[in-house]
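Colleague: Got chain A sorted already, so can you dock chain B onto it with the hints?
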Amino acid sequence: MLDATPRKLVEVRDLKMHFPIYAGILRKRVGEVKAVDGVSFDIFAGETLGLVGESGCGKSTCGRAILRLYDITDGSVKIDGAEIGDTPQGGLRKMRPTMQMVFQDPQASLNPRMTVEAIIGEPLMEHTDLSRDKRRDRVHELMDAVGLNRTFSNRYPHEFSGGQRQRIGIARALALNPKFIVCDEPIAALDVSIQAQVVNLLEDLQEKFDLTYLFISHDLSMVRHIADRVAVMYLGKVVELSPREALYAEPLHPYTKALLSAVPEPDPDMTTEDRVILQGDVPSPSNPPQGCNFCTRCPAVMDICHREDPEFREVQPGRFVACHHYNQTAGDTAASEDNKSIQQGETT
Amino acid sequence: MTDATTAASVPEKHRNQWADVWDQFKTHRGAVMGAIFFVAVCCLVIFGPMLWHLDPNFIDIRSKNQGPSFAHPMGTDQLGRDTFASVLQGGRVSLLVGVTAMLLALVLGTLVGVLAGYFKRLDGFLMRITDLFLALPLLPLLLVIIMLFRDTLRAAFGPETGIFLLIVFVIGITSWMQTARIVRGDVLALKEQEFVLAARSIGTPSRRMIGRHILPNVLSPIMVSATLGIANAIITESALSFLGLGFPSDFPTWGRLLYDSTNFMTLNPERVIWPGLAISLTVLSVNYIGDGLRDALDPRIRGR
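If you read the sequences in order, they're chains A and B.
Under the working numbering, the first sequence has 239 at position 239, and the numbering climbs by one with no breaks.
Under the working numbering, the second sequence has 536 at position 188, and the numbering climbs by one with no breaks.
Only chain A is shown next, with the shape it has when bound in the complex (with noise of 0.2 Å):
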């Protein structure tokens, strides 16, 4: 899947989205929610990458930021070549056709007073002069390359199945020929049944019109069928960043390891001993712990992890991690070891 010299199609530098916080009869503000907290990473053209962690880690937010739908706090953010970090919103509609997002839930993204066809043909309306006939045309085509029969492009949003709406979404999405599409846990509203079908579909889709994703999910099982590469965020910052193989082989990152651990197994009589239980809750966003965002929960927390933050740096080849587990080559397998030996004496 990757090219030998792939090229960086989507390049998120230091992203931060913070979300003011009012309080007080005079609304002043008081702080702010700091759901992306300095994000970096790349996605190279025609690869999936995923982008996992726990509920209100900053995921969607962070995809969302991405397209600009947000007006980011800081960083950079380039797809294909072009900057969009800091283009105002009028400036940004030109660029709107290279980047798309299918949403989490199909109920909610479509207009439940749109036809399909209008639902479908608003981004051909918007980006192209397409006649109207002309656009019916593309709209049908659009239906049959997502699987939807298009006899139904006069119908509502509300007679649609959950897996047809999503399809509808995706067409929605497909419409201007993007490079980019931000996929908001598109499958987590779904059905079991219907998840396969969409991502098969999403995968097809993929591979037939050359397509790159940011596959944004909590379903680490899904994740590892579907991306390239893998993100694993926590409190608003990426931990660690790797090839999707050698991440569920081999996790680097303390929250890693416990987020894969956590994976449930089908067979039951696989051992569940060697979990990583957590204690406690996610620090608010609104203030994050100083030092490393994990070390209130970290089972492996060594002195520094309270001072400094930890730099994201690679530190196998194509492997990402924000760890001082990993800063200090010497103490790398003490910490492992020292690792292990915790994750033992907390299981229950």
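The set of hints was computed from the structure by calculation and includes no laboratory data.
For every residue, glycine included, the Cβ atom is placed at its ideal position computed from N, Cα and C.
Check before you lean on any hint, since a few could be wrong.
27 Å max Cα-Cα, derived DSSO-like pairs, lysine-lysine [unchecked claim]:
1. B/K468 / A/K28
2. A/K28 / A/K94
3. B/K374 / A/K94
Quick partial rundown of chain A residues pointing at chain B, CB under 10 Å, derived from the structure [stated by the list, open to error]:
4. T87
5. G90
6. R93
7. Q100
8. Q107
9. M114
10. T115
11. E122
12. H158
13. V182
Beta-carbon label-pair distances, calculated as ranges [as the list claims (entries may be wrong)]:
14. B/G533 / A/N287: 50 to 60 Å
15. A/G31 / B/P488: 46 to 56 Å
16. B/I477 / A/A82: 34 to 44 Å
17. B/G559 / A/S76: 26 to 36 Å
18. B/G533 / A/P317: 50 to 60 Å
19. B/T375 / A/M270: 53 to 63 Å
20. B/G472 / A/H158: 32 to 42 Å
21. B/G533 / A/G31: 25 to 35 Å
22. B/L513 / A/E83: 49 to 59 Å
23. B/I477 / A/R29: 51 to 61 Å
24. B/P553 / A/N287: 30 to 40 Å
Modeller: The following block gives chain B in isolation, referenced to the frame of chain A:
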């Protein structure tokens, strides 16, 4: 299901959306009856005075205070004027005032509501204006406006048109606030829906976002305010006439007739009943029409 796209599938005939709306509207019995009644009332007040030749202002003092008869189907008043002719003539003004004032209030209210809900920067300012209008004591305000502008408008447009414009304007600008508040609330909720976000990710500019995504979805509350607004406008116009601020006294409207008759209510109760019936039935029919339209315009209800 969807994957089984048969090769020979011909797209369903492109249905006109308004045909769908009409089909659904027809299934709402109350709405159809309301519409028939409303159209009948409109026809009657428009063409009635042409067919019923008695002048509402013709005084025939010998036949005063009569009950219903063939010569005067609704009786006569204390000056012997024909009530039926007055009701027909008065309906023209009342309906016109009701509909135009409602439209004015609706446009204003929707505009303010949508702008305040959609553009955060305008929200505070527009809503404070709305609060201001809600807090104004209406009657003194009406008195002042009418005192100030009545004569200039009369001079410019003639006594009837001038006062008509004034009354429509006055009713319009004093009754848009409820609509604005309801619409703003709905727009605020809608704005956070994912399909608005989806439209933004497509790059739909704000004006088309409002036209395509916001307005169609706030149609229900607007419809409700519209139907209530007609009733409100007709009644406010009668109140104004009663205070001597409305149309001249020889110019019948339903409200005017009603108030003129209250003094004779014990003697001739039917004189109150006729204009009262006209007002309530019209308002009722408009409410039913609004109800049916709201259902017909919502594709989720349509076809059930």
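Colleague: If you check the beta carbons of B/I477 and A/A82, does the distance land in 34 to 44 Å?
Modeller: holds (42 Å)
Colleague: Confirm or reject the claim that B/G472 and A/H158 have a C-beta distance inside 32 to 42 Å.
Modeller: holds (36 Å)
Colleague: Holds or violated: A/M114 as interface residue toward chain B, Cβ cutoff 10 Å?
Modeller: holds (8 Å)
Colleague: Determine whether the Cβ-Cβ distance between A/G31 and B/P488 falls within the hinted range of 46 to 56 Å.
Modeller: holds (47 Å)
Colleague: Regarding the hint that A/Q107 lies at the interface with chain B, is the smallest CB-CB distance below 10 Å?
Modeller: Since chain B brings a Cβ to about 9 Å from A/Q107, closer than 10 Å, the hint holds.
Colleague: Is 30 to 40 Å right for how far apart the beta carbons of B/P553 and A/N287 are?
Modeller: For B/P553 and A/N287 the Cβ distance comes to about 38 Å; the hint holds.
Colleague: Hint check: is the beta carbon of A/Q100 less than 10 Å from a beta carbon of chain B?
Modeller: A/Q100 check passes; min Cβ-Cβ to chain B is 6 Å, inside 10 Å.
Colleague: Holds or violated: are the alpha carbons of B/K374 and A/K94 at most 27 Å from each other?
Modeller: Distance of about 45 Å is beyond 27 Å: violated.
Colleague: Is 26 to 36 Å right for how far apart the beta carbons of B/G559 and A/S76 are?
Modeller: Given range 26 to 36 Å: holds, Cβ gap about 34 Å.
Colleague: Should the hint that B/T375 and A/M270 are 53 to 63 Å apart at their CB atoms be regarded as holding?
Modeller: holds (59 Å)
Colleague: Tell me if A/T87 is really an interface residue toward chain B, meaning its C-beta lies closer than 10 Å to one of theirs.
Modeller: violated (12 Å)
Colleague: Between B/L513 and A/E83, is the Cβ distance one that fits in 49 to 59 Å?
Modeller: holds (56 Å)
The structure does not agree with the numbered hints 2, 3, 4, 14 and 23 stated previously, though it agrees with the rest.
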